[in-house]
Every structure is written in C-alpha cells, then in structure tokens.
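**Student:** Residues per chain, in single letters:
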Amino acid sequence: NAGVTQTPKFQVLKTGQSMTLQCAQDMNHEYMSWYRQDPGMGLRLIHYSVGAGITDQGEVPNGYNVSRSTTEDFPLRLLSAAPSQTSVYFCASSRVTGRLAKNIQYFGAGTRLSVL
Amino acid sequence: DAKTTQPPSMDCAEGRAANLPCNHSTISGNEYVYWYRQIHSQGPQYIIHGLKNNETNEMASLIITEDRKSSTLILPHATLRDTAVYYCIDVPQAAGNKLTFGGGTRVLVKP
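Protein sequences appear in the order of chains A and B.
With this note's numbering, letter number 22 in the first sequence gets 22, and the count goes up by one each step, no holes.
With this note's numbering, letter number 7 in the second sequence gets 7, and the count goes up by one each step, no holes.
Isolated chain B, as found in the complex:
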C-alpha cells in the first residue's frame, strides 16, 4: 500500500503557481521524497526529489517540512501542459527500481 496521502484532485489557473501537498506520515530517515507526474496515457515522468532540504530544478520546487512529514510540490507558473496526475512517493535509498504509487492528485490547469 502507498505510504503517502494526497488530495485526489485540484484545479489551478493557467499562469498561477500550483501548490501540491503530500503527507508522509510514515517516512523513515533513509527515504527520499520523489515526485512524478503522468500526463494522460503516457508513462510517468520524473519531476524532482529531495531528502530534507528544499530543492529546485527547471520543472518545479520541492518544499519539505523540517519533520519531513509533509512536502509541497510547487509548479511556479502552471501551463495547460501541466495538466496531469501527480504522485509523491517515499523511496528508500536502497529501493533501486521499486516504486510504490498511490492514487496521486489529478491536477487540471484551466485557462
């Protein structure tokens, strides 16, 4: 079973920031927070990951609380192409290629 909890859906206005929350109630010290997204009918796509510090890349920013029990993925300027299902996943350092997906958050970016 998935270890993370996300809201099932949310809407966002095009051009505005989208803040996607995730709860990691059982995360352990050796687990990283990963975010992937899945645009309709395509394979999931990696977005960003972090351990305990905030991270930023060309796609998004990741904010992890100090106790690591929650994280927020920020899409700074949402576009229509960002409409997708977003998954947050706790991944042990030694997990290799084993990901446990939950239901994710279905994000709809509206014009």
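Pulled out of the complex, with its shape left as it was, chain A reads as follows:
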C-alpha cells in the first residue's frame, strides 16, 4: 500500500529558483494538505484542499501556490525560492468517516528542502 507519496525526498535550490514538490495519494481521500516543519517546531499548515478544484490558504501560504486538478495529486509550487523556505515539507490526506467523525490524516515521508 503506497499511501501518501512525496517526491523528491531531498532538494537543494538556489535563491530565486522555482520548483514543484509532488504529492500523490492512492486512498481516494477528498482532503489533502501541505505543512512545513522548521527545526524543533511543530507543523504549520501552508495550503489545503477539500476536493478536486478547491483549494484554500492555511497559516503560512506566502510564497507557495497549489492546485488540485485530480483527487490523487496535490502539488506545491515554490515560485521564487528564498532561504526562509528551507524546511521539511509534509503532505497529508484524509477523509471523514464513521464513528466519532473519524478524520485520520495520513502523512507522507516528507521533502527536505534547502534554499541557499
């Protein structure tokens, strides 16, 4: 079972470069989201989506774009990388189901990004 797959695992960028972090899930989940985690801190929400064609901003959206053309994929684009975007990026997917409105988020293994 693949679950949530993130690529690449590691990336080094120069300031001003652009790139796309890929996220794919094979669980047919409606919800997907992107978080970043800086050293020693908890995760912060960047953008999220409640279904194909629907996205919204989270806590720290500046400098990032997203789109959701399919249920499976939710790419995160860095338009012009800055050193402040050096972080570990996690993608997650979930759906609400069953008893206690169960909404388990499944996280990918993360992408470690360094911007020089």
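No lab work stands behind these hints, which were simulated from the structure alone.
Keep in mind that this is a model prediction, so the values were computed, not measured.
All C-beta atoms, glycine included, are put in the ideal place defined by N, C-alpha and C.
Keep in mind that a hint or two might mislead.
Now the in silico label distances, taken between C-beta atoms and shown as ranges [what the hints assert, rightly or not]:
| id | chain 1 | residue 1 | chain 2 | residue 2 | range |
| --- | --- | --- | --- | --- | --- |
| 1 | A | G16 | B | N53 | 47 to 55 Å |
| 2 | A | S67 | B | R16 | 46 to 54 Å |
| 3 | A | V60 | B | N57 | 26 to 34 Å |
| 4 | A | T15 | B | T65 | 46 to 54 Å |
| 5 | B | Q42 | A | T97 | 31 to 39 Å |
Going by beta-carbon spacing under 8 Å, a handful of chain B positions derived as facing chain A [unchecked claim]:
| id | residue |
| --- | --- |
| 6 | G29 |
| 7 | Q42 |
| 8 | G43 |
| 9 | Y46 |
| 10 | Y87 |
| 11 | K98 |
| 12 | L99 |
| 13 | F101 |
| 14 | G102 |
Calculated Cβ distances over 10 Å to all of chain A for the following chain B residues [what the hints assert, rightly or not]:
| id | residue |
| --- | --- |
| 15 | D11 |
| 16 | G15 |
| 17 | T26 |
| 18 | S41 |
| 19 | P44 |
| 20 | S61 |
| 21 | E66 |
| 22 | R68 |
| 23 | H77 |
| 24 | T79 |
| 25 | D82 |
| 26 | V91 |
| 27 | P111 |
Given chain A's structure and the hints, the job is docking chain B onto it.
**Tutor:** Just chain B now, kept in the frame of chain A:
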C-alpha cells in the same frame, strides 16, 4: 497558534506505562481531542482521538476529563520504538484537513 499546552519533554522507562498530559483550556463543544506522534524525521502518525468519553485502541488509551479541559494519553507498555514527539490537537468536527500543531512533548523511552 496552538490551543493546547503540553510539557516539552519527559522520560519513561521501557516496559512501564507512559502518561502524557495535555491541557485544552479553550476547547469548544464541537472539537475533538486528537493525538499524533512523530518519530524522528518521519511524517506524523495518528494515534487516537475522542470527544468526551475515554477511548482505547491497539496503540494507546485516551482519558478525557469530564470538563474536557485536560486529557492524558497512556502508552501502556512503552517500548524504545515509542520514542517520539507526541502532539495533542483540538480538531473541530468540520476542520477537514486543517490541523494546528503545537510544540508537542518529546518522549524518550529509556532501557
């Protein structure tokens, strides 16, 4: 900002129960208590959640006080593999996929 408060760190002896506290001072009636953990460098992993009753699954037990202002995650027999950062999170029923993480509790299980 995170709405929950947790101790920054705690140690636990292997084989003993680990009791992780969490304060939910501003929790509202439609918010659930969720616990996740993050083993070093990995993505967070769901553990358990509840609304107002105690819950148990194969990983842990969750105790929620009657006023819902505090909860305790219990790992009944801690192993070295339970060393991780544990997060308690208040999640509105309609939150979908928006989680607000705090700093969590760094748990070190010692032999």
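**Student:** All hints, please: hold or fail.
**Tutor:** Status of each hint after checking the structure:
1. In this structure the hint that A/G16 and B/N53 lie 47 to 55 Å apart at CB holds, the actual value being about 53 Å.
2. Roughly 49 Å separates the CB atoms of A/S67 and B/R16, a value that falls within the hinted 46 to 54 Å.
3. The hinted range of 26 to 34 Å is satisfied by A/V60 and B/N57, whose Cβ atoms lie roughly 32 Å apart.
4. For A/T15 and B/T65, the hinted distance range of 46 to 54 Å is satisfied, since their beta carbons lie about 49 Å from each other.
5. In this structure the supplied range 31 to 39 Å is violated for B/Q42 paired with A/T97, their Cβ-Cβ distance being about 24 Å.
6. This hint is violated: B/G29 has a C-beta 13 Å from the nearest C-beta of chain A, more than the 8 Å allowed.
7. Checking B/Q42 against chain A by beta carbon gives a least distance of about 7 Å; that is within 8 Å, so the hint holds.
8. Contact between B/G43 and chain A, as hinted, is supported at the beta carbon level, the nearest pair being about 3 Å apart and thus within 8 Å.
9. Annotation: interface hint on B/Y46 holds; nearest CB of chain A at approximately 4 Å, less than 8 Å.
10. Proximity of B/Y87 to chain A holds as hinted, the smallest CB-CB distance being about 7 Å (cut-off 8 Å).
11. A cut of 8 Å between beta carbons decides the hint on B/K98: the least distance to chain A is about 6 Å, and the hint holds.
12. Against a cut-off of 8 Å between C-beta atoms, the interface hint on B/L99 holds, since the closest Cβ of chain A lies about 6 Å away.
13. The beta carbon of B/F101 comes within 3 Å of a beta carbon in chain A, closer than 8 Å, and the hint placing it at the interface holds.
14. The interface hint given for B/G102 is met, as the beta carbon of that residue sits about 5 Å from the closest beta carbon of chain A, less than 8 Å.
15. With 10 Å as the threshold on Cβ separation, the claim that B/D11 sits away from chain A holds: the shortest Cβ distance comes to roughly 18 Å.
16. No beta-carbon of chain A is positioned within 10 Å of the beta-carbon of B/G15; the least distance is around 28 Å.
17. Interface exclusion of B/T26 from chain A stands, the closest Cβ pair being 17 Å apart, more than 10 Å.
18. Not every beta carbon of chain A lies more than 10 Å from that of B/S41, the smallest distance being close to 7 Å; the non-interface claim is violated.
19. With a least beta-carbon separation of about 5 Å from chain A, B/P44 fails to lie farther than 10 Å from that chain, contradicting its non-interface assignment.
20. The claim that B/S61 lies off the interface holds: its Cβ sits roughly 15 Å from the closest Cβ of chain A, which is beyond the 10 Å cut-off.
21. Remark: the non-interface label on B/E66 is consistent with the geometry, its nearest Cβ contact in chain A lying 18 Å away (cut-off 10 Å).
22. Against the 10 Å criterion, B/R68 stays outside the reach of chain A, whose nearest CB is about 14 Å from its own CB.
23. With 10 Å as the threshold on Cβ separation, the claim that B/H77 sits away from chain A holds: the shortest Cβ distance comes to roughly 23 Å.
24. With a least CB separation of 21 Å from chain A, B/T79 remains clear of the 10 Å interface cut-off, as annotated.
25. For B/D82, the non-interface assignment is confirmed: its Cβ lies about 18 Å from the closest Cβ of chain A, beyond the 10 Å cut-off.
26. With a closest Cβ-Cβ approach of about 7 Å to chain A, B/V91 is found to fall inside the 10 Å limit, against its non-interface label.
27. No Cβ of chain A comes within 10 Å of the Cβ of B/P111; the nearest lies about 25 Å off, and the non-interface call holds.
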